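*Asks:* Sequence:
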Amino acid sequence: MIRSRVLKAAAAEGPVLILDEPLSFWGAFEPRSGVILDVHHPQRGACLAGTILLMRESKGSGSAPGGIAEAIRLGNAPAGIILVTPDINLAVGAEVAETLYGRGCAVVAVTEDDFTALCRAARLSISVTGEIRDETV
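Numbering (the working numbering), first residue to last: 4 to 140.
Just so you know, not all the hints are guaranteed correct.
[Unchecked claim] Distance condition first, Cα-Cα at most 20 Å in a straight line; then the derived DMTMM-like pairs of lysine to aspartate or glutamate:
| hint | residue 1 | residue 2 |
| --- | --- | --- |
| 1 | Lys62 | Asp23 |
| 2 | Lys62 | Glu134 |
| 3 | Lys62 | Glu33 |
| 4 | Lys62 | Asp41 |
| 5 | Lys62 | Glu16 |
| 6 | Lys62 | Glu24 |
Calculated directly from the structure, the hints in this document are not laboratory data.
Computed from a prediction, not measured in an experiment: that's the story for all the values here.
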């Protein structure tokens, strides 16, 4: 079990998807499908919906909350996002989606060492208190 820093509390569980590079949720990601659109991203075409997304940091600007909130509203967002570098924009987007639509997405931050360890899991869960567990069977 790993304790994370909670940026947006929510319970989440799902298969792990590891991104090799940062992702912008505004323009490089399609909220209607949950798919990465950026032609330069190594995981282009991957669907984030329902995953526990591991990425060291996000890319983007103040528009990111709109992109992640829309994906959450449509049910195409990750179930949870685990970062090394905390991102207030993703946390704000998840908070807005929960407030407006009643749908959650956990957003947490961990150390680089914990991130590396989590990358070995196939399935993870995140508790509302930020405890991350390997659920790989």
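*Asks:* Confirm or reject each hint.
*Replies:* Evaluation of the provided hints:
no., hint, result
1, Lys62 / Asp23, "holds, 12 Å"
2, Lys62 / Glu134, "violated, 25 Å"
3, Lys62 / Glu33, "holds, 15 Å"
4, Lys62 / Asp41, "holds, 12 Å"
5, Lys62 / Glu16, "violated, 24 Å"
6, Lys62 / Glu24, "holds, 9 Å"
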